[in-house]
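Please model the complete structure; the sequences and the hints are all you need to start from.
Going line by line, the protein sequences match chains L and X.
So the first sequence is residues 1 to 350, counted in my numbering.
So the second sequence is residues 351 to 700, counted in my numbering.
The set of hints was computed from the structure by calculation and includes no laboratory data.
Here the structure is a predicted model, which is why all the values come from computation and not from measurement.
All residues carry an ideal CB built from backbone N, CA and C; glycine is no exception.
Certain hints may be false.
What the hints assert, rightly or not - Simulated restraints on C-beta separations: (1) X/Glu645 x L/Ala87: 50 to 60 Å; (2) X/Gly591 x L/Pro329: 20 to 30 Å; (3) L/Asp337 x X/Asp541: 23 to 33 Å; (4) X/Thr377 x L/Asp338: 18 to 28 Å; (5) X/Arg483 x L/Pro277: 54 to 64 Å; (6) L/Pro329 x X/Asp402: 31 to 41 Å; (7) X/His633 x L/Asp175: 31 to 41 Å; (8) L/Glu275 x X/Glu400: 20 to 30 Å.
Number of protein chains: 2
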Amino acid sequence: MKDTLQPSELAYVPFVSVANMMRLIHTIGPGQMMADMASVIEADFKRWPEFDKTPRIAAHSEEGVIELMPTSDGAQYGFKYVNGHPANMARGFQTVTAFGVLSRVDTGYPVMLTEMTLLTALRTAATSALVTRLLAPKGAHTMALIGNGAQCEFQAVAIRELCKINTLRLYDIDDKATNKAAKNLRAQGFDVTTHTSPEDAVTGAQIITTCTADKQFATILTDNMIGSGMHINAIGGDCPGKTELHPDILHRSDIFVEYPPQTRVEGEIQQLDPEHPVTELWHVFAGQKPGRTREDQITLFDSVGFATEDFSALRYVHAQLETHPFFDPLDMLADPDDTRDLWGMLMRAG
Amino acid sequence: MKDTLQPSELAYVPFVSVANMMRLIHTIGPGQMMADMASVIEADFKRWPEFDKTPRIAAHSEEGVIELMPTSDGAQYGFKYVNGHPANMARGFQTVTAFGVLSRVDTGYPVMLTEMTLLTALRTAATSALVTRLLAPKGAHTMALIGNGAQCEFQAVAIRELCKINTLRLYDIDDKATNKAAKNLRAQGFDVTTHTSPEDAVTGAQIITTCTADKQFATILTDNMIGSGMHINAIGGDCPGKTELHPDILHRSDIFVEYPPQTRVEGEIQQLDPEHPVTELWHVFAGQKPGRTREDQITLFDSVGFATEDFSALRYVHAQLETHPFFDPLDMLADPDDTRDLWGMLMRAG
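Okay, here's the thing in structure tokens:
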């Protein structure tokens, strides 16, 4: 139907569908792509002061949350739309779906629309891997993965890529999820054991990654499960009322966060005094503050996911489109010959 | 390329392109469509307390602004992405482009993605017409249109549809814009005169609509130009530092606004004390406060455009798609067979 109303080049926005995102991931390789994205995320953390930052704008309902996450570095602007609906799974929908847009600041024109359900899984795992490389104890060889849903395998693959961790101990409240993850991860060459309790799963692990999805205060990890020297990635607690760790763990840990104004509201530290000391990750990446300083230190990445990570992911994908043409042109912007003559454009199409 | 990776029904989001939006407008008729949208906008103003409201989230730069405008009525969620870049025109780009998404609150899934450059022009004009019908003096027959850019003709057509105004007096700082608008509006059967000064244009008009685009404090209208009993729609002043009216006019007018927390920052009233009394339009639509009370009263609609108006426009278009199939299915959402097996979906596509 488009031939009679063919828009100009300016009106087209490259669109990366889910099918095309999968093609891109397979062309580059999932592990390589997350490693490459981690480099971009790290580079953007290092130039943190250049970004316009704001806590995400959340619309909460009984069933879940819909969020907009914008940011800009002054040259490009990006935002992500993402939902989180724990009850979706039982209805055959994804808990988390997302899409995003990258734009030019100078014209305000979008330059890419992309699916971000897969891309969010990649960037979340890439960020965890980056922080794990920064903070995990020396010689770490085993990771416990608590919560074996949609995010689990991405975490494992990214952390292996950056941290050489090949031994995994899995636990989920639903053993079907654990079996699914075990099968997928063994197919990727991991050494995997499955466990029937979180206590059992964390035994002998130096790294614990929690990525559960309940929208309620939960206590996936209790204090007695956490030995000295561990590194914890707490991925799942990412909105008000949603946490995974007992507060005693937080008091024993040195806590690293992305953006305190958002993490204080959404992260594990919503359980703590608003003045409780935390370290901003960008200070560590930029060499302005230390990461791990002692072998017996417990380090905690209180991950909630921040807009700059999505921005890094968007600009990474946008750069890939130059060599991998995995996109369709989308007629999303009106483009009249005379920019003031929108009415005339409409009438001439009639 | 889509055949080998065919997504399920759940993964598709209906997309209304610019070409399809033009088809929809021509099928319904632009005047009729704006009148229908005005009814939806009015209905949503009447149930104002049901909406989650927040001032739009703006990213300002030297060249312009990029904004996200979300809102929800608890059942549906909508947001618009819109830019405003006055310098775009000289570069062959639109000053304002926009797109938007409507979603279900219960699942968080988008149900429509649509162009909103044209739709914003329609909803802005529909809102002006609705407010003009509410506040204009009895027997008004002539409107001055100051600023003859992309929004001008839409304003005229919508206001004629709702208020039976057929006589127009045009002025723009650039007479090419005035000539373009005069030609377009005469083709629509309006009685049009063109003028070389705003003073001249407003003479004999009972309604003045300003829709200029400069991003700076401007004084399009001065106090001596405004006679008693007039109604003014100030459309163009819609971000910090961008105004169109001399403050003396504001002091003589009764001022009607959409959402005070946004209008105080972006509207004409940014020039006034933050406590200056204004009337919220929804109170008037809901019958809780009076509109025009005297023949000699100057009424001013300090329009900035609010998210609920975009929400009304989105749900209007979405409803039309049931009978007018002017959309393409977009593979925007990942939809694995097992919702927890995103990795497995990715691997099977490989």
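Each hint, compared with the structure:
1. X/Glu645 x L/Ala87: 50 to 60 Å: holds, 57 Å
2. X/Gly591 x L/Pro329: 20 to 30 Å: violated, 36 Å
3. L/Asp337 x X/Asp541: 23 to 33 Å: holds, 27 Å
4. X/Thr377 x L/Asp338: 18 to 28 Å: holds, 25 Å
5. X/Arg483 x L/Pro277: 54 to 64 Å: holds, 59 Å
6. L/Pro329 x X/Asp402: 31 to 41 Å: Cβ of L/Pro329 to Cβ of X/Asp402: about 34 Å, so the range 31 to 41 Å holds.
7. X/His633 x L/Asp175: 31 to 41 Å: The hint (31 to 41 Å, Cβ to Cβ) is violated, given that X/His633 and L/Asp175 are roughly 57 Å apart.
8. L/Glu275 x X/Glu400: 20 to 30 Å: Since L/Glu275 and X/Glu400 have Cβ atoms about 37 Å apart, the given range 20 to 30 Å is violated.
Checked against the numbered hints listed earlier, the structure breaks hints 2, 7 and 8; every other hint is satisfied.
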